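All chains, please: the whole structure from these sequences, using the hints.
Sequence order for the protein chains is P and W.
Residue numbers for the first sequence follow this note's numbering, so the first one is 159 and each next one is one higher.
Residue numbers for the second sequence follow this note's numbering, so the first one is 23 and each next one is one higher.
If you are wondering where the hints come from, they were derived from the structure by calculation, not from laboratory data.
A portion of the hints provided could be inaccurate.
Partial list, computed: chain P residues near chain W (C-beta under 10 Å) [said to hold, decoys possible]:
id, residue
1, Q195
2, K198
3, K199
4, E202
5, S213
If you're wondering where the values come from, they're calculated on a predicted model, not measured in any experiment.
Just so it is clear, CB atoms sit at the ideal spot from N, CA and C, and this is done for glycine as well.
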Amino acid sequence: DTEVTQTPKHLVMGMTNKKSLKCEQHMGHRAMYWYKQKAKKPPELMFVYSYEKLSINESVPSRFSPECPNSSLLNLHLHALQPEDSALYLCASSQEGVEAFFGQGTRLTVV
Amino acid sequence: GEDVEQSLFLSVREGDSSVINCTYTDSSSTYLYWYKQEPGAGLQLLTYIFSNMDMKQDQRLTVLLNKKDKHLSLRIADTQTGDSAIYFCAEVYNQGGKLIFGQGTELSVKP
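Below, the structure written as structure tokens:
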């Protein structure tokens with residue numbers, strides 16, 4: 159099983175809303191990632207969790223708040239987003255940085 | 023700093039071979055990856071190569087690595103219309119498992 163599952167697949171939210179993106183993997187991977195991807199551009203790293211601790215924050219605005227409740231789950235809490243935050247949000251997991259597997263992403267639209 | 027470069031477009035005819043090229047700058051990278059992204063989808067890990075190898079073959083895919091020139095290529099034999107997608111090369115940067123992606127090569131396969 160090399161599956162990373164993300165929910166929801168699509169999300170439309172207003173600028174005053176609070177929502178959460180969810181990611182789950184059952185491969186026993188100890189590193190999990192959030193990436194943001196704009197159309198026709200490469201993914202950009204946002205956060206890395208290693209052994210359930212935040213190890214990298216790529217200077218992401220505080221309106222994005224990651225959470226790793228356990229080794230299989232990764233959340234991204236969203237609050238007071240801007241229209242320019244509309245993008246595909248990708249979750250990935252890997253074991254010690256080898257073979258990073260990505261989910262199908264959440265297509266986020268901020269209105 | 024880290025940088026990965028790819029040409030943006032490649033067009034081939036069905037049945038031909040496709041060769042997608044990539045150059046990278048971080049000579050300490052241990053693994054180099056090729057991902058495929060179809061429209062509206064997440065990233066699919068196609069293959070990866072360890073930095074002490076110079077070639078890896080997996081069915082229709084052949085990866086060549088020239089570590090001296092920091093050049094990576096992906097050859098797809100007998101290219102099919104289903105291979106039309108954006109292909110990203112990526113290198114692992116530092117211990118955190120952060121992936122640095124190229125800009126992506128859009129492969130168009132004409133019947």
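How the hints compare with the structure:
no.: 1; hint: Q195; in the structure: holds, 9 Å
no.: 2; hint: K198; in the structure: holds, 7 Å
no.: 3; hint: K199; in the structure: holds, 7 Å
no.: 4; hint: E202; in the structure: holds, 8 Å
no.: 5; hint: S213; in the structure: holds, 6 Å
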